[in-house]
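Counting from 1, one number per residue, gives the positions in the sequence shown under my numbering.
Worth flagging that the hints you see were computed from the coordinates, not collected in a lab.
All values reported here derive from a predicted model rather than from experimental measurement.
A hint or two may mislead.
What the hints assert, rightly or not - Taking lysine to any residue pairs in the SDA-like style, the calculated list, with each CA pair at most 20 Å apart, reads:
id	residue 1	residue 2
1	Lys178	Ser85
2	Lys178	Gly194
3	Lys53	Lys269
4	Lys124	Trp136
5	Lys165	Leu123
6	Lys65	Ser172
7	Lys298	Gln264
8	Lys176	Ala187
9	Lys176	Pro217
10	Lys298	Phe24
11	Lys65	Gly270
12	Lys65	Ser85
13	Lys176	Leu200
14	Lys165	Pro128
15	Lys65	Gly108
16	Lys269	Gln297
17	Lys176	Ser166
18	Lys65	Asp314
19	Lys269	Lys298
20	Lys53	Lys65
21	Lys269	Val18
22	Lys53	Met236
23	Lys53	Asp293
24	Lys65	Pro41
25	Lys65	Ser22
26	Lys298	Glu286
27	Lys124	Gly108
28	Lys65	Glu120
29	Lys124	Ser232
30	Lys269	Gly231
31	Lys269	Asn295
32	Lys176	Arg84
Claimed, not checked - Simulated restraints on C-beta separations:
id	residue 1	residue 2	range
33	Ser40	Gly168	48 to 56 Å
34	Thr28	Lys124	49 to 57 Å
35	Gly182	Asn295	40 to 48 Å
Every residue, glycine too, gets a C-beta built ideally from N, C-alpha and C.
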Amino acid sequence: MSTSISASSPSTAPPAVVGRGSNFWQFTNHGGFDMTHPASPLSPPVYPRVTLKTTNSPVTIAPAKTAMVIIDMQNFFLSSAFGRSRGEGHEAEVTLLRIGIPAARRAGIQIIWLTWGITEAGLKTLPPTIWRIFGWEITDDGAFNVDDDGPDAVPGQMVVRSERKSDGGIGSPLGKVKLDNGTVVDAGRMLIAGQWNTALHEPLQDAYQEGLGATVPDVRFNKERLSGLWGSDSDMEAFLRKQSITTLLFTGVNTDQCVLATLQDASTKGYDTVLLKDGCGTTSPEYARQMVDFNCQKSWGFVSSCVALADGVDHIVTG
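My request is simple: use the sequences and hints to build the entire structure.
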């Protein structure tokens, strides 16, 4: 709901207040959405503040109340040791390392690393949908062309395809793998916390280690569902509440799966959500990414970029 507050100057249109109670934005035609969350609409402006260009209206955030969430950029999904060929996830990794993470650090924005890391107790409560994601595979004898699900596919009639139980699955040993430098490591059990396959991809692991000494130290959390904010008592959500973080910048893989699932839950829980498109990647068809972009800017929040974040930080307003 939008309402207006009174202004002392009759020549300046008052901002529209979007929302009620303590969780609200303010909007002006020239400035877009102010998501800095002052105590009340009549409170002084919050500083420092950073404005990001988005695919529609600009948004202004308070770095002290903002976190960049980097999702699932771990060895299991990115390492060539598992045969992962270079793709969008690796391009997003480069963008984060060169642009997104440095910009967040300069502004004092909290960086959160969120990855799969299932506990032994968690294995007992995983729903069938999660077991199926990582334990079944498409057979090659179904009535479909494998190209129908490629990156250039277009949406159409659902394709009927057969499935079969694959070898292994969540919790199964992945065996030893050879790294690019020739080192052989035990990859550990699939998606179980504390294993090599659930560790951050090496370039990002280095960034995380560096971030532990940052002015605002990096933090890392495990998740046991596609969303890192499912339920009501996750460690990550408890951290967000404790730090009074209200705005989340989303990056990682896959855009239309775990990134989207976490973003949707965040939006439902009342957080401001911004998808940094160039910091995300997916192996899904293009139309899946288009769906995410369309709905993020329309229903769940905003779509921006690491480049826009860096530009905003370059022009940070400190008061």
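Outcome of the hint check:
1. Taken as a hint, the Lys178 and Ser85 pair is honoured in the structure, with Cα atoms around 15 Å apart against an allowance of 20 Å.
2. The suggested pairing of Lys178 with Gly194 holds, with an alpha-carbon distance near 19 Å, which does not exceed 20 Å.
3. For a cut-off of 20 Å, the pair hint linking Lys53 to Lys269 is broken: about 24 Å separates their Cα positions.
4. Between the alpha carbons of Lys124 and Trp136 the distance comes to roughly 19 Å, so the proposed pair stays at or under 20 Å and holds.
5. Simply put, Lys165 and Leu123 have alpha-carbon atoms about 18 Å apart, close enough for the 20 Å limit, and the pair holds.
6. In summary, the hint linking Lys65 to Ser172 is not supported, as the alpha carbons are separated by about 40 Å, beyond the 20 Å threshold.
7. For the suggested pair Lys298 and Gln264, the alpha carbons sit about 12 Å apart, so the restraint of at most 20 Å is met.
8. For the hint pairing Lys176 with Ala187, the CA-to-CA distance comes to about 6 Å; that is within 20 Å, so the pair holds.
9. The hinted pair formed by Lys176 and Pro217 fails the criterion: a straight-line CA distance of about 33 Å is larger than 20 Å.
10. Taken as a hint, the Lys298 and Phe24 pair is honoured in the structure, with Cα atoms around 18 Å apart against an allowance of 20 Å.
11. Between the alpha carbons of Lys65 and Gly270 the distance comes to roughly 14 Å, so the proposed pair stays at or under 20 Å and holds.
12. In summary, the hint linking Lys65 to Ser85 is not supported, as the alpha carbons are separated by about 37 Å, beyond the 20 Å threshold.
13. Simply put, Lys176 and Leu200 have alpha-carbon atoms about 17 Å apart, close enough for the 20 Å limit, and the pair holds.
14. Distance check on the hinted pair: Lys165 and Pro128 sit about 13 Å apart at the alpha-carbon level, within 20 Å; holds.
15. For the hint linking Lys65 to Gly108, the alpha-carbon distance of about 10 Å falls within 20 Å, and the restraint holds.
16. For the hint linking Lys269 to Gln297, the alpha-carbon distance of about 17 Å falls within 20 Å, and the restraint holds.
17. With a CA separation close to 19 Å, the supplied pair Lys176 and Ser166 stays within the 20 Å bound.
18. Distance check on the hinted pair: Lys65 and Asp314 sit about 18 Å apart at the alpha-carbon level, within 20 Å; holds.
19. Distance restraint check for Lys269 and Lys298: the Cα-Cα separation of roughly 17 Å lies within the 20 Å cut-off, and the hinted pair is therefore satisfied.
20. Distance hint between Lys53 and Lys65 is fulfilled; the C-alpha atoms sit about 18 Å from each other, no more than 20 Å.
21. Note on Lys269 and Val18: the hinted pairing holds, with a Cα-Cα distance of about 16 Å set against a maximum of 20 Å.
22. With a C-alpha separation of about 27 Å, the suggested pair Lys53 and Met236 falls outside the 20 Å cut-off, and the hint is violated.
23. With a C-alpha separation of about 15 Å, the suggested pairing of Lys53 with Asp293 holds against the 20 Å cut-off.
24. As the CA atoms of Lys65 and Pro41 are separated by approximately 17 Å, the hinted pair is consistent with the 20 Å bound.
25. Our distance criterion of 20 Å between C-alpha atoms is met by Lys65 and Ser22, whose separation comes to about 14 Å.
26. The hinted pair formed by Lys298 and Glu286 meets the criterion: a straight-line CA distance of about 18 Å does not exceed 20 Å.
27. Proposed proximity of Lys124 and Gly108 is contradicted: the alpha carbons are some 39 Å apart, above 20 Å.
28. Distance restraint check for Lys65 and Glu120: the Cα-Cα separation of roughly 34 Å exceeds the 20 Å cut-off, and the hinted pair is therefore not satisfied.
29. Between Lys124 and Ser232 the CA atoms are separated by roughly 19 Å; this keeps the pair inside 20 Å, and the hint holds.
30. Between Lys269 and Gly231 the alpha-carbon distance is near 10 Å, which keeps this suggested pair within the 20 Å criterion.
31. At most 20 Å may separate the alpha-carbon atoms for a hinted pair to count; Lys269 and Asn295 meet this at roughly 17 Å.
32. Among the hinted pairs, Lys176 with Arg84 is consistent with the structure: their alpha-carbon atoms are about 16 Å apart, no more than 20 Å.
33. Hint check: Ser40 to Gly168, Cβ distance near 55 Å, so the stated range 48 to 56 Å holds.
34. Checked against the hint of 49 to 57 Å, the C-beta distance between Thr28 and Lys124 comes to roughly 52 Å, which is consistent with it.
35. Gly182 and Asn295 have their C-beta atoms about 45 Å apart, which keeps the hinted 40 to 48 Å range intact.
In summary, the structure is inconsistent with hints 3, 6, 9, 12, 22, 27 and 28 from the numbered list given earlier, while agreeing with the others.
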